[in-house]
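*Asks:* If you want the building blocks of each chain, they are given just below.
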Amino acid sequence: MSLSVENVSKRFGRFAALDRVSLAAVDGEFLALLGPSGSGKTSLLRVLAGLSRPDEGRVLFGGEDFLRLSPRERRVGMVFQHYALFRHMTVADNVAFGLKVRPRRDRPPGTEIAARVKRLLALVQLEGLDKRYPAQLSGGQRQRVALARALAIEPRMLLLDEPFGALDAKVRRELRRWLRQIHDETGVTTVFVTHDQEEAMDLADRVVVLNAGRVEQIGRPAELQAAPATAFVFDFLGDSNRLPCKVVDGHAMFDGGFSAPALGPVRDAPHAVARFRPHEVDLAVEGGVPVTITHLSARGALIRAECQAEDGALFEVDLLRDATPGSLAAGAKVRLRPRRVFVFAEAAAT
Amino acid sequence: MRSVGLKRPASLGAFLLLAVAVAWLAVVIVLPLISVFAEALRKGVGEYLEAFRDPDAQAAIRLTLLVAGICVPLNAVFGLAAAWAVAKFDFRGKGFLLTLIDLPFSISPVISGLVWVLLFGANGWFGPALEAAGIRIIFTVSALVLATLLVTLPFVARELIPLMAEQGADEETAAVTLGAGGWTTFTRVTLPNVKWALLYGVLLCTARAMGEFGAVSVVSGHIRGKTNTMPLHVEVLYNEYDFVGAFAVASLLAGLALVTLALKTGLEWRYAGELSAGRRH
Amino acid sequence: MTARRWIEPSVLPGFGPALGFTLFWLGLLVVLPLAALVARPWELGLEGFWRSVTEPRVLAALRLSFGAALAAAAVNVVFGLVVTWVLVRYDFPGRRFADAVVDLPFALPTAVAGIALTAIYAGNGWIGSFLEPLGIKVAYTPLGVLVAMVFVGLPFVVRSVQPVMQDLDAELEEAAETLGANPVQRVVKVILPALAPACVTGFALAFARALGEYGSVIFIAGNMPLVSEIAPLLIVIRLEQFDYAGAAAVGLVMLGLAALGLLTINLSQVILARRGAA
Chain A
9 MSLSVENVSK RFGRFAALDR VSLAAVDGEF LALLGPSGSG KTSLLRVLAG LSRPDEGRVL
69 FGGEDFLRLS PRERRVGMVF QHYALFRHMT VADNVAFGLK VRPRRDRPPG TEIAARVKRL
129 LALVQLEGLD KRYPAQLSGG QRQRVALARA LAIEPRMLLL DEPFGALDAK VRRELRRWLR
189 QIHDETGVTT VFVTHDQEEA MDLADRVVVL NAGRVEQIGR PAELQAAPAT AFVFDFLGDS
249 NRLPCKVVDG HAMFDGGFSA PALGPVRDAP HAVARFRPHE VDLAVEGGVP VTITHLSARG
309 ALIRAECQAE DGALFEVDLL RDATPGSLAA GAKVRLRPRR VFVFAEAAAT
Chain B
-15 MRSVGLKRPA SLGAFLLLAV AVAWLAVVIV LPLISVFAEA LRKGVGEYLE AFRDPDAQAA
45 IRLTLLVAGI CVPLNAVFGL AAAWAVAKFD FRGKGFLLTL IDLPFSISPV ISGLVWVLLF
105 GANGWFGPAL EAAGIRIIFT VSALVLATLL VTLPFVAREL IPLMAEQGAD EETAAVTLGA
165 GGWTTFTRVT LPNVKWALLY GVLLCTARAM GEFGAVSVVS GHIRGKTNTM PLHVEVLYNE
225 YDFVGAFAVA SLLAGLALVT LALKTGLEWR YAGELSAGRR H
Chain C
568 MTARRWIEPS VLPGFGPALG FTLFWLGLLV VLPLAALVAR PWELGLEGFW RSVTEPRVLA
628 ALRLSFGAAL AAAAVNVVFG LVVTWVLVRY DFPGRRFADA VVDLPFALPT AVAGIALTAI
688 YAGNGWIGSF LEPLGIKVAY TPLGVLVAMV FVGLPFVVRS VQPVMQDLDA ELEEAAETLG
748 ANPVQRVVKV ILPALAPACV TGFALAFARA LGEYGSVIFI AGNMPLVSEI APLLIVIRLE
808 QFDYAGAAAV GLVMLGLAAL GLLTINLSQV ILARRGAA
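Residue numbers (our numbering), protein chains in the order written: chain A, 9 to 358; chain B, -15 to 265; chain C, 568 to 845.
Treat the hints as calculated values from the structure; they're not laboratory data.
Here are some chain C residues pointing at chain A (derived, C-beta under 10 Å):
#, residue
1, Pro576
2, Ser577
3, Val578
Just so you have them, the derived chain A footprint on chain B, three or more residues with Cβ under 8 Å:
#, stretch
4, 155 to 161
5, 172 to 186
Note that this is a predicted model, so its numbers are computed, not measured.
For each residue, glycine too, the CB sits at the ideal point set by N, CA and C.
Hey, can you work out the whole structure from these sequences and the hints?
*Replies:* Here you go:
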């Protein structure tokens, strides 16, 4: 079923956690809410779950006014950041809880509950751990119990709050792949919150980038990379270099008499800031920013060079290892020339 | 972080400290305990057992059980309600509420008795009016119950509040999103998580309710066979120079204290993780 | 700016009934009775109140209660530290038993403690018979009051200091050792300052308990007016004479002075804690 959030605002005193947030998700979509801490992503998730009420705005789910339903009535599966497993119940009891607490007339018979728990534990690959207690599980296993528990109530929508936040890097990658699989198998509309752009890009059908309670951009991962709408989105999605310029007819002109094609919303501006990624830079002999290399570090096929201009500005540049002269060393003076840049409206450029 | 840990005393200084500590505990705490039983048995087991044939002693035992039986469940319910409100919700004035809950710990037992006389005594605020209506409170079991309720009010709440605050509301919130109602959430999620702390609080509450002396002494009137609880009966016998009788009843209370201590220590060892942080040894 | 709400919204039910019952219970058992305590002394008028609490017998009782409670708390801090140190640091047979026994004064009814201490320290008692020939009388003197107060206060110091001492980082002492501190310097300069706030808490709790203590004191005190009569006993005596206002006056002064004492102690604790945090 489709989800529609319209102009939702939520304030805590003077602080606006959510400021007229609107977004939509189609049935079965995998949506990521991406942003730094304090951007409102968890507040929005809690509004969807019914754990907090917005001050204004509407939330529709399958055409139904979701805000009029209590959390119990919404039947959303929520996976909490720290899992919130019931510590005194076994894995099986945790998963069965949502079924066992139903009113008698809606409750499946015991044998069916047991069968469903068994099926879910198989789905999350925890067969044989049904008698364990949460304290006896690893972080990744707890995460999977939390997910199985949320799926047990056959949720109409699955909500995950920083699902991998408390896990180490290797487990995160494994679980990421596996979560995608589960989503493809169950087909349930899923919204998850993360501050990790790589995770969002890797997993989601579409990503909602939030900043200071507002939606900055919504789009498919490739769209966000190819056409970031704001300076915030550009900066949040990767490493970013900045250089002052003026923009004339879609070209950024720099001091020193060189230029680069300017992408982004600004086509003409007397004073602007050009942004470019470390891998979109060439080393030039002339026509470029004169810098001194301060540090070189190897990163697989790339070499990351940290550079400093005479005015103190810092730049990060990724060079292909095979195309870089072996003589390049810290202390070398080179010129940097961006292949292409993004220029955003000044107000957003911070 | 790593704590220093236990090691066998090796230096002279260490043995000296150990000797001082053990001697201190022996003289200050163990010796009085032993003396209770020694004094009670001074004239033999026969005399000792004889003391419990006294109908007044039996009445005192029954009254003590009655008062504790009324006060402990009530204050356990209070403790659960207060902990639910304080630990699972955020509201203004919480600090003040916590201070009020702790207050009975820091006032003299005599004052805890005195206040009931000020309210319900012959010259009390409500005393004369109640007297006219034929209701007596001071020098009756009602007053014993009121004084004991006040003295034992914080025990269960003080065990539950820190633990429930530490556990947070996450599990309850999860239960609600899974479709559980309020009562189901409380009985299936909250209560099992705090059951040992609740038992611990009830244990301390019971011990204090049965052993309270100062507060009940002020309101009881010391009517033998009627308003004397066991500690009060000990005082009466002692003041009548019936030392064997006094120490016999006292030995019962001391036995109760030892049982309490044993259960309490057992809970601390066995269920350390399920008591509030301050109780984990 | 919207005013802060009285209650943060929550999806959990039952706040109303839970808080309602809590307030009702506290109102009935704590607020109403203490209101009576605060209100009633003034029936005597300001001057009458002052006369009532400055009677020589009252002053002597207050002095004894305060002095003995302070002294007992101090004794408990010193020996409590030694006991805690031994319980936390040394492995010896019976350690767990010793640890459990510390709580006995919490569990033992005060009247039982009172008659037991009296029996021990009386002239013919186990300890009294040793002290009497040396000219030291404990039972039925102010010294007896002190002994009883030490008994009831001991667990407060140990239980306040114990968790802090257990959590002391071993690296702290090791660092001091590598910097050349000898064992005495390590204790005095590193460990004791870290334990100071907990010691103050223990002192405060032991003091408050001793000040209000009744059951374990009255048997051993002898209750001689102007000599070994404690303040709580005066309340009982005045109540027996139906002098409610006078009894409430003594109670109120005890409460006020205790609050003052605890306030001072809390302030010193804030200062200690700030120094520890810097």
